[in-house]
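Please model the complete structure; the sequences and the hints are all you need to start from.
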Amino acid sequence: MRLVERLRARHTEEDGFTIIEVMVAMTVFAMIAAGVAAGIVSSIYLTQDNRSREAALNLATQEIDRVRSVKDVFTVTNSSSPAQVGGQQYTVTRSVNWITSTGSDNACGAGDGVLAYKRVNVEVAWSNGTSSKQRSVDIDTLVAPPTSVASNTSSTIVIAVSTANGAPNTGATVAVRPVGGGAALPPAQPAPTDANGCSYAVDVKPGTYEVSVSKSGNTDEDFASTASKQVATVAGSVASQSFLLDQPASVTLQYAANARAGSNPKLPSGLSASFVRGQTVTTVTSSQTRVFPYGYDVYAGKYDKTTCANVNPLAWSIPTTSNLMVDAASVPTGVGGVAGDSSTAKIPMGLIDVKLVGSDTVLVATPTPGPSAANDPGCTTRPATTYTFTGLNSKTATTIALPYGTFQFKEGTSAAALGPNTPVFAASVGATNVNVTVSGSTVLFDPRTKGAP
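Heads up, the sequence shown is in the numbering used here, so the first residue is 1 and it goes up one at a time.
Honestly, the hints are just simulated from the structure, not real lab data.
All figures in this text were calculated on a predicted structure; none of them were measured in a lab.
Take the hints with a grain of salt, since some may be wrong.
[To be verified] Restricting the straight-line Cα-Cα distance to at most 30 Å, the calculated cross-link-like pairs of lysine-lysine (DSBU-like) are: (1) K395 with K266; (2) K450 with K346; (3) K305 with K266; (4) K450 with K355; (5) K266 with K410; (6) K355 with K266; (7) K266 with K71; (8) K118 with K205; (9) K355 with K395.
Right, dumping it as structure tokens:
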């Protein structure tokens, strides 16, 4: 009995925590500690974000104050610049638009009415370690132009210059000269285009003016170094004119690219190439040219959709009696589409070998209607374009190249002394993308060579 009582007493004297109780307590403590730590970190981040936001608002306010202190509001343009406050990096972006008296709101202020205000938006953006998402604040203000801009007896000419992709073209030189209708030289010539691609001729008399813009190394839509347009002004109003200028694309024209390798076909005098974009056609005569970076289809010859369509291979849309069609892949497209780029346009043409008769050395080709069964789209432009080849002879066949279509040939000792002789024609072996039909002194150059599906 004593032994049992001793063991029972020893057992009742044991106390403390089990391992499970300790683990539960530690888990609860860890959860509480994590919550407290998260709260502290969140509070720190929130404080940091509030400080960053306050600094950003100060930067935006400073930029607005700078804008309001500028005497010439025409110099207030779009801008973006970095800033640093307390080790935090910021980007300060200023965007401006003119608002006219009629409420029109755009970058240069073109539209009806006078230039009433310039709306300025300042955005300050930053990011921090709390999130990858960028934060920003912005402030707007309105600044008024000089009273002379809003005169009821004068006008303002707004000039907007853009690149091919619609971006502002900065630093373009602008000139305004009077043409008629009471126009007079403006008090001062416009400044070069600003960061928005805008320039202004202010306090101009009502009348008609010619506005010209240019920039070194740039070309306009007509491939000219200077673009000019006329604009009429009305007292108390804004007249506007827009221009496109951009760094050109350089294009080398490889005529008769479908000729047999090594044949070196002879090209005529008077040959040109047409750069076509939609309904716009620009003709060039040099084999090296600079073009506005739009991207063009290129054909040999002077293309006109109405009066001279057959120089465009794709205009031969009706299959031949042999069910042949044009190989569209042979026609250069998208040529000169990248500003500053250089490319070669490989232009297919009509090709044939020719010998003259006797002492004749000159061959003249003139467009003529094709056979009715040929469905030649035709070239009836007047005066007709004539193509002249010189240096030919009766002993050696010469491969010559012409735009697609039907031509009447005459030969002689000079272009002014053409006689009755008929040239001797033969197919140019190895030429692709052309079928030739000879009828006396008339030759049809047909681009339909691919079997229709």
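**Request:** Could you check the structure against the hints above and give me the numbers of any it violates, in ascending order?
**Result:** 7
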